[in-house]
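Peer 1: Assemble the complex: chain A is given as a structure, and chain B must be docked to it using the hints.
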Amino acid sequence: MASIDLNNVDDSFFDVLKELGNIGAGNATTALSQLLNMRIDMKVPKAELLEFSEVGDAMGGAEQVMAGIELLIEGDIEGSIMFLLELRAAKKLVSIAMSALGMPPMEEEDPDDPSFNEMQQSALLEFGNIIAGAYLNSLSSLTNLVISPTPPQICVDMLGSIMSAPAIEFAELGDKMLLIDTKFSDDLELNGYFILVPTLEAYEKILTSLGM
Amino acid sequence: MIKVGMADLKLCKAPDKITTLGLGSCVGIAIRDPQTKVGGLAHIMLPDSTQIASNSVKAKFADTGVKELVEIMAKNGASRTRMVAKIAGGAKMFAFNSKNDAMSVGDRNVEAVKKVLSLLKIPILAQDTGDSYGRTVEFDPDTGEFLIKAVGRGQKTI
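Quick note, the sequences are listed as chains A and B, same order.
Per my numbering, the first sequence runs over residues -14 to 197.
Per my numbering, the second sequence runs over residues 132 to 289.
Take every hint as true, because none was put in to throw you off.
Residues of chain A clear of chain B, computed beta-carbon distances all greater than 10 angstroms:
no., residue
1, D0
2, G60
3, L127
4, V131
5, D166
6, L192
Which bits of chain B does chain A cover? Going by a derived footprint, with three or more residues having C-beta under 8 angstroms, they are:
no., segment
7, 151 to 158
8, 180 to 193
9, 216 to 226
10, 262 to 268
Hints listed in this document are in silico derivations from the structure and should not be mistaken for laboratory results.
Glycine included, every Cβ here is placed at the ideal spot set by N, Cα and C.
Chain A with its partners taken away, still in its complex shape (with noise of 0.2 angstroms):
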């Protein structure tokens, strides 16, 4: 049996986890940031472990519309890396990315309107690979475990929804799950979140390379 219990972190282990979350998204910043051909600055996130039953509000409300990217994660560890946008922030990153590859801007469409036609939806899986693959080699350049990636997959739906899956994950660990709240800034605002779901197994592996 796994003698790391998520419903009872001591302090610094969750220092860690939340120093690991903090690098990655640096990362990922600089890498959506070289992406874009813009500044963009990243708030220092915010690290939470928080009941499932409170997920929903804690992050703005189940109901409201968000794209999901998630990824899962093979080689000396296992879980998955989801990287959550809202949905206005979702269809911005789309637009300009089109317009930095040269592509003429997409229809005027409503912001709100749900749908990601399919070079869209290709574009903000593009945005998923690159973002979590930022935050991945971060992790195991500092751990020197081997991390790989799978394609993503994506999901626009509701927030509670698209959370259901890593919400799954943790709570075959625990009674909680861990939130990484990034907010981008500057020429750009965006909302996003990150959440690294480890398996157990890989959270001891995580730790013991770190000499914890």
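Peer 2: Quick look at chain B alone, frame taken from chain A:
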């Protein structure tokens, strides 16, 4: 409107109504006694408490969650023999092929809920489960109406 979160369950007596927002792979189980109008709603995340070490939160699991809800309802004026249920959720939100399990966790949740309801002899009057989209549900213990809302799909009552 009484609100139920993830891994949560609550009692609801008419004329109050009860809701849970954005069910994905989780399953919402609404139960009521049509005579006393005592009802309740559970939002479970996983099928089986016996497979998970961290299982103290009863509402997290289909097996313990449904039993707990029925217990609370029975203590508050509902008759076990009159109870009827409606269920929703159990979607597959991301199109990954699961490595170990042939069935997605949503499907396994739905199956586990059906199993425990049948064990407790509570008939399922209606269900809206599976597929790949999220659902918000509202339950009215007075009429038994179970309203289901989904993004871009409007709403329906089952």
